[in-house]
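K.L.:
As a plain string of letters, each chain reads:
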Amino acid sequence: MTTAVETPGAARPQGARGLIDALEIDTRLLAMAAALVVIWVGLDLLTGGIFLTARNLWNLSVQTSVVGIMATGMVLVIVARHIDLSVGSVLGFVGMAMAVLQVEILPIGTSWNWLLSLVLGLVLGAAIGAFQGWWVAYRAVPAFIVTLGGLLIFRGLAWWITEGRTVAPMDPNFQLLGGGLDGSIGEFWSWVVGVLFIAAVVIKAFRTRQRRNRYNFPVRPLWAEALVLVVSVAVIVGFVQVMNSYYRPRTQIPQGIPIPVLILIVVAVGMSALTKVTKFGRYVFAIGGNPEAAELGGINVRKVTVMIFVMMGVLSAIAGAIQTARLNAGLNSTGSLLELSVIAAAVIGGTSLSGGVGTIAGAILGALIMQSLQSGMILLNISTPMQPVVIGLVLISAVWLDTVYQRRRR
Amino acid sequence: MSASNPSKGVPLVEMRDISIQFGGVKAVDGVTIDLHPGEVVGLLGHNGAGKSTLIKILSGAYQANSGDILINGEKVDIRSPRDAKALGIETIYQTLALADNIDAPGNLFLGRELMTPYGTLDDDAMERATRDVMGRLNPNFRKIKEPVKNLSGGQRQSVAIARALHFNAKILIMDEPTAALGPQETRQVAELIKQLKKEGIGIFLISHDLHDVFDLSDRVSVMKNGKLVGTCNTSDVTKDEVLGMIILGKLPGEQSRQELESMH
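Taken in order, these protein sequences are the chains called A and L.
Numbered according to the working numbering, the first sequence spans residues 42 to 451.
Numbered according to the working numbering, the second sequence spans residues 119 to 382.
Here chain A stands alone, though its shape is the one from the complex (with noise of 0.2 Å):
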């Protein structure tokens, strides 16, 4: 029953499109990755060299980790053939409310006030997903609707709260959230983090190659396997080498991986396991590429879409606690229009507004070419007024340069 008949070991194609085939990486996510490396070096160039130091790029990397945290979050979201337009809010509103729980009702000074703030946080993040969700599941209001309504209704929440008042200061462990002055995790434990993927990304390799081994399944040539070992191991030794050049101020004690960035990290190996290796992550996908065959195939579908809305609550939340830290005050002016960067960051991630297909990882490398321009533009001192101009022309011919890609690939 087949027209196109492949037989095995016949020619393939040659030149970079075989190369491409036999890494198997995904072309998309490297195209992206090649699209951040011409415009940091473009950046560095333009700067006179001050958009490669250490100092900016590990800046850049605490400034990518908020909206990196809900983008993860809003692949889902698009996968599924929905959209979260309240994620600025509610990260606006969790905020506010950690803040005033921390300063203003539990008791100052005890060991637990910040932990507690803020798992009652991420607990109301996920109530208030849940109660997006709901209304998209099971009341059958488009999830535009719901959400551009939870737009409106976060932000008044933030307000109305503490009618305004900005509350200040946080408590000082909650502020290494924030990735401030104290809140990175230092040489020694980056190196640490640093192994620990190195040793992970090694094993994995290994043993998917030993599994596919016994099973008689092709594997990748094992020049392949190599090459993309080697470059993997030099991204994390070079991500580390670079968060610990950068000093704390006045001294040669070296920062190390900010605690932000870190809990970006957690946050995109969670997802990016979630979205592989579980059901749930599969059901997402699957009831993007085709709701009817989901539904058919015994899944459930209402049940799926409440659990995507609470964990974009959740993730909305753990970037709430990250900004409050790093302003060090509960604002609720904190997170506005940030739903745009986000969503701005998986659909340049690669994320199809049509569902079904995206990745975490494109919605990471996403959210830092998206930050990469804006602190580009800061460091070239292009007004204020433009910024928003080119990040918006960014954005259309980046989709535009994706649904060519698409087309020619058919």
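Hints listed in this document are in silico derivations from the structure and should not be mistaken for laboratory results.
Careful, some of the hints might be misleading.
Restraint-style ranges between C-beta atoms, simulated for each label pair [said to hold, decoys possible]: (1) E264(L) - V272(A): 20 to 28 Å; (2) I244(A) - V194(L): 45 to 53 Å; (3) E264(L) - V182(A): 35 to 43 Å; (4) Y236(L) - A168(A): 26 to 34 Å; (5) A243(L) - P429(A): 43 to 51 Å.
Glycine is no exception: its CB is placed at the ideal position from the N, C-alpha and C atoms.
Knowing the structure of chain A, use the given hints to seat chain L on it.
P.N.:
Okay, now just chain L, sitting in the frame of chain A:
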């Protein structure tokens, strides 16, 4: 004209007096059909005759407003696709019900994933099972790890059939099984149906095109406007007479020569 299978005892499936309505319109109205092991029953009728709706009741996508479903003579309650599958009823929809963005193993096991002891998806086991069943069905199939949107119509059809086979279907429902296929692929599906028959699987073939199913079927049941026109052994009737049932909604004995001629 009543058609029966004297050699068989209790039918594998019996749908008795099934009715369902959507917003006041009776899509299926008091229909009774049955199916024996190793038998192929063609379910025919124009688009909108109610055949797909009837079959979706059996596959659990819809619930009948009234009527009974009996499997092996026992009354069953089918409330969801999951219930139907638990009873060995597998459906291959006209749209194939594949998630285009997911690969063949993912689709084969959609909703019934194999898990490792750690509670994660066991992709290796699913890939192995897929290679096994696809090897039986379509030995040339290689694109195991590609999203099914990159497959040809025939390949997609074989993924859908593989899904039914792997889960040991006793009752197979095929909705327009060859509508999207070329002549060679159609022949392969026909071969496959004969093979499944031998294994004792009962098959409903649904089609609006008589020629697609007449030669494959042991019996045909014809529907028109939500009602059953009648059921005939294909050995007792001509294609023209069945066509008459589809178009005129009358049993062969009631069709006048004039009416039959006016169809051509």
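K.L.:
Give a verdict on every hint.
P.N.:
So, going through the hints one by one against the coordinates:
no. : hint                          : in the structure
1   : E264(L) - V272(A): 20 to 28 Å : holds, 24 Å
2   : I244(A) - V194(L): 45 to 53 Å : holds, 49 Å
3   : E264(L) - V182(A): 35 to 43 Å : holds, 36 Å
4   : Y236(L) - A168(A): 26 to 34 Å : holds, 30 Å
5   : A243(L) - P429(A): 43 to 51 Å : holds, 50 Å
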